[in-house]
Amino acid sequence: DQQVKQNSPSLSVQEGRISILNCDYTNSMFDYFLWYKKYPAEGPTFLISISSIKDKNEDGRFTVFLNKSAKHLSLHIVPSQPGDSAVYFCAAKGYSGGGADGLTFGKGTHLIIQP
Amino acid sequence: DTGVSQDPRHKITKRGQNVTFRCDPISEHNRLYWYRQTLGQGPEFLTYFQNEAQLEKSRLLSDRFSAERPKGSFSTLEIQRTEQGDSAMYLCASSFGRSGNTIYFGEGSWLTVV
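Heads up: the protein sequence lines correspond to chains P and X, in order. Residues 1 to 115 (this note's numbering) are what the first sequence spells out, left to right. Residues 1001 to 1114 (this note's numbering) are what the second sequence spells out, left to right.
One chain only, chain X, in its complex shape (with noise of 0.2 Å):
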C-alpha cells in the first residue's frame, strides 16, 4: 500500500495522559499536513510541513499539541496532558507541493479521552 499510513488507528487515554500518533506519508510527496475532525464538522487544518520545517500552525494547535518531521519523512503529532475536548480523529495528509493541488489523507487516528 503506497498511500498515507498513520498509527495507532485508535487510541484510548485517560485524561492528563500523553498520545503520540505517527504518519508516514506518501514517499514522494515533500508536503505533509494535520487535521482535527470532529463529529459533524468538517476536518480543520492543524499544521503542516514542507520537508522537514514547519511552516504553519493554525491557532487550533494549542501549546500542549507539538509535531514534528524529522528529515522530512514521518510526522508525529503528540499532545500531552490531553483533555476530553481533545477527543477527535486526527488526520494526516501529504501533497507534493503545489503540483496538481491534490491532498491524499491517511484513514485517521480516532482519539477518546475518558
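Same shape as in the complex, but just chain P (with noise of 0.2 Å):
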C-alpha cells in the first residue's frame, strides 16, 4: 500500500514555463513534507519542505502548496530551467504506521526541460 503516490511518472515543460509537479498521499498523521531532485547515480538532493500547519512555502523559483483536506502537495517550478531536468521525489515524514522516524518516498516524476 503505497502511502506517497506521484501518480506522473514523467513531465515534459518547456524552458521558461511553470512546472507543477503533483504528490498524493493517504496517512492522515504525515505532518511534514519535503521535495528531493535527483540525477542519476547521485543521492536526493533537497529543495523544499512544509509544515502541515501551512499551506504554502516559497524558496526562490520554488514554491510548495499544501492542501491538508484533500491531502495533496504540489511543487510549483517558475520558470523552469534545463538543469531542473531531474528525478523529483515527494517524500512525507510521520508516523506512517511503521514506526520509522525516517521519510515516506512517492516512486518519482521525470521532469524534462525542453528548450
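Just so you know, the hints here were simulated from the structure itself, not pulled from any lab data. A portion of the hints provided could be inaccurate.
Which residues of chain X face chain P? A partial, calculated answer using Cβ under 8 Å [as the list claims (entries may be wrong)]:
1) 1033
2) 1038
3) 1040
4) 1042
5) 1043
6) 1045
7) 1065
8) 1091
9) 1096
10) 1103
11) 1106
Label-pair restraints from in silico Cβ distances [unchecked claim]:
12) P:55 x X:1028: 38 to 46 Å
13) X:1010 x P:15: 32 to 40 Å
14) P:16 x X:1055: 43 to 51 Å
15) P:7 x X:1027: 34 to 42 Å
Fair warning: this is a prediction, and the values are worked out from it, not measured in the lab. Just so you know, even glycine gets a beta-carbon here, dropped at the ideal spot from N, CA and C.
With the hints in hand, could you dock these two chains into one complex?
Following this line, the structure appears as C-alpha cells:
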C-alpha cells in the first residue's frame, strides 16, 4: 500500500514555463513534507519543505502548496530551466504505521525541460 | 566537503559474498538513516540511529543485513551472503533531531551482485 503517490512518471515542460509536480498521500499522520531532486547515480538533494500547519512555502523559483483536506501537495517551479531536468521525489515524515522516523517517498516524477 | 559521505561509491560482488558500506554523516547530526533505492522506485527506509542507538528497523532489513553506529559517529551497513535481489543503491542520510525536519542524503553506494 503506497502511502505517498506521484501519479505522473514523467513530465515535459518548455523552458521558461511553469512546471507543476503533484503528490498525493493517504496517511493523515504525516506532519511534514519535503521535495527532493535527484540526478542519475547521485543521492537526493533537498529542495523545499512544508509543515502540515502551513499551506504554502516559497523559496526562490520553488513553491510548495499543501492542501490537507485533499491530502495533496504540489511543487511549482517558475520559470523552468534546463538544469531542472531531473527526477523529483515527494516525501512525507511522521508516524507512518511502521514507527519509522524516516521519510516515506513516492516513486518520483521525471521532469524534462525542453529548450 | 561537509556533507554526508559514503564509501565505496560502487561495489560489484559475487553472489554469496559479504559487503560493507560506510557512511560519515554531517558532523553535528545525531540521527543517521539508511535507505535503499531500486530502479523506478523511491528510496525505501531501512533503519535509523539516534546517536549510537539503533531505534528503528524496517521489515525490509532481513537478518542478512546489519547496521552499526559505534560511538554515534560513522555508520556501517553490512550485507552477508549477498543475493542478486540486493542489487540497489544504498543511501545514507543524516539530520539533527527533528529540528527543521530536513534529512540530508549522501551520494549513495551502488551495489551490483553478479
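Hint check results:
1. 1033: holds, 5 Å
2. 1038: At about 11 Å, which exceeds the 8 Å cut-off, the nearest Cβ of chain P leaves the hint on residue 1038 of chain X violated.
3. 1040: holds, 7 Å
4. 1042: Holds: closest Cβ of chain P sits about 3 Å from residue 1042 of chain X, inside 8 Å.
5. 1043: This hint holds: residue 1043 of chain X lies near chain P, its Cβ roughly 5 Å from the closest one there, short of 8 Å.
6. 1045: Holds, because the Cβ-Cβ distance from residue 1045 of chain X to chain P comes to roughly 4 Å (cut-off 8 Å).
7. 1065: violated, 15 Å
8. 1091: Since the shortest Cβ distance to chain P is 5 Å, the answer is holds.
9. 1096: violated, 13 Å
10. 1103: With Cβ-Cβ at 6 Å, under 8 Å, it holds.
11. 1106: holds, 5 Å
12. P:55 x X:1028: 38 to 46 Å: Given a distance of about 31 Å, which is not inside 38 to 46 Å, the answer is violated.
13. X:1010 x P:15: 32 to 40 Å: Taking Cβ atoms as reference, residue 1010 of chain X and residue 15 of chain P lie about 33 Å apart, which means the hint holds.
14. P:16 x X:1055: 43 to 51 Å: holds, 46 Å
15. P:7 x X:1027: 34 to 42 Å: Holds: the Cβ-Cβ distance is about 39 Å, inside 34 to 42 Å.
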